[in-house]
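If you want the building blocks of each chain, they are given just below.
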Amino acid sequence: GAVVSQHPSWVICKSGTSVKIECRSLDFQATTMFWYRQFPKQSLMLMATSNEGSKATYEQGVEKDKFLINHASLTLSTLTVTSAHPEDSSFYICSARQDPNTGELFFGEGSRLTVL
Amino acid sequence: AQRVTQPEKLLSVFKGAPVELKCNYSYSGSPELFWYVQYSRQRLQLLLRHISRESIKGFTADLNKGETSFHLKKPFAQEEDSAMYYCALRGTGNQFYFGTGTSLTVIP
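If you read the protein sequences in the order shown, they are chains L and B. According to this note's numbering, the first sequence is numbered sequentially starting from 1. According to this note's numbering, the second sequence is numbered sequentially starting from 1001.
Hints in this document: simulated from the structure, not taken from any laboratory. Bear in mind that the values here come from a model prediction, so they are computed numbers and not experimental data. In this text, a Cβ means the ideal position worked out from N, Cα and C, and glycines have one as well. A portion of the hints provided could be inaccurate.
[Stated by the list, open to error] What follows is a list of derived Cβ distance ranges for each label pair: (1) L:Asn70 / B:Glu1054: 33 to 39 Å; (2) L:Ser73 / B:Glu1008: 36 to 42 Å; (3) L:Thr82 / B:Lys1073: 40 to 46 Å; (4) L:Arg112 / B:Ser1026: 27 to 33 Å; (5) B:Phe1076 / L:His85: 20 to 26 Å; (6) B:Leu1010 / L:Lys66: 30 to 36 Å; (7) B:Ile1056 / L:Trp10: 29 to 35 Å; (8) B:Ser1052 / L:Ser18: 18 to 24 Å; (9) B:Ser1052 / L:Glu87: 16 to 22 Å; (10) B:Lys1073 / L:Trp10: 34 to 40 Å.
[Said to hold, decoys possible] Some chain L residues near chain B, calculated using beta-carbon distances under 8 Å: (11) Gln42; (12) Thr49; (13) Glu52; (14) Gly103; (15) Leu105.
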């Protein structure tokens, strides 16, 4: 199957700094990628839909200025957590579809953010 | 509103016993539903989708529009089925919404 890779897998940062997480589709092009946030022992919460070459579509309640998403190419989407705070500590997971018709999502391995 | 509900956070069954993971949804249009699975230390992956009407690893799921359900079933659970299972709904904007997940443990 298709492969989606995230980097870094774990990042620790100080409160107030910004952190960028990358999501790459390694063997296919993805016009759309999705960013999820997962709290411990809880579900995946859809944060935003990343569209190549256009603005991301954010879900209700997700701060656009806090979570900056850029989808500059067909294989790369980035999520930047700006001015991170301890409450932003979470597991961030991206996914992409290889074939829009099938609806199957391919997930990255996730990125753990710890804000001190 | 689009919503997926999985009422059971934890489910334990003995090996060889039947297993059913419940999923209910709320959606105004014609739903497209999926089951995703996450095995220990692995990433999420697609198990099956209702459109395909397929059986994967012995699992099946039938869409019941009257009950707005998409329960996942397997007649004889195996130890390797122990994992986290997520029911997902594909929304109008092509977004995917996930349930809270059910952790299945198959007891040897």
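Comparing the hints with the structure gives:
{"no.": "1", "hint": "L:Asn70 / B:Glu1054: 33 to 39 Å", "result": "holds, 37 Å"}
{"no.": "2", "hint": "L:Ser73 / B:Glu1008: 36 to 42 Å", "result": "holds, 41 Å"}
{"no.": "3", "hint": "L:Thr82 / B:Lys1073: 40 to 46 Å", "result": "holds, 45 Å"}
{"no.": "4", "hint": "L:Arg112 / B:Ser1026: 27 to 33 Å", "result": "holds, 31 Å"}
{"no.": "5", "hint": "B:Phe1076 / L:His85: 20 to 26 Å", "result": "violated, 48 Å"}
{"no.": "6", "hint": "B:Leu1010 / L:Lys66: 30 to 36 Å", "result": "holds, 33 Å"}
{"no.": "7", "hint": "B:Ile1056 / L:Trp10: 29 to 35 Å", "result": "holds, 31 Å"}
{"no.": "8", "hint": "B:Ser1052 / L:Ser18: 18 to 24 Å", "result": "violated, 42 Å"}
{"no.": "9", "hint": "B:Ser1052 / L:Glu87: 16 to 22 Å", "result": "violated, 40 Å"}
{"no.": "10", "hint": "B:Lys1073 / L:Trp10: 34 to 40 Å", "result": "holds, 37 Å"}
{"no.": "11", "hint": "Gln42", "result": "holds, 6 Å"}
{"no.": "12", "hint": "Thr49", "result": "holds, 6 Å"}
{"no.": "13", "hint": "Glu52", "result": "violated, 14 Å"}
{"no.": "14", "hint": "Gly103", "result": "holds, 5 Å"}
{"no.": "15", "hint": "Leu105", "result": "holds, 6 Å"}
Checked against the numbered hints given earlier, the structure breaks hints 5, 8, 9 and 13 and satisfies all the rest.
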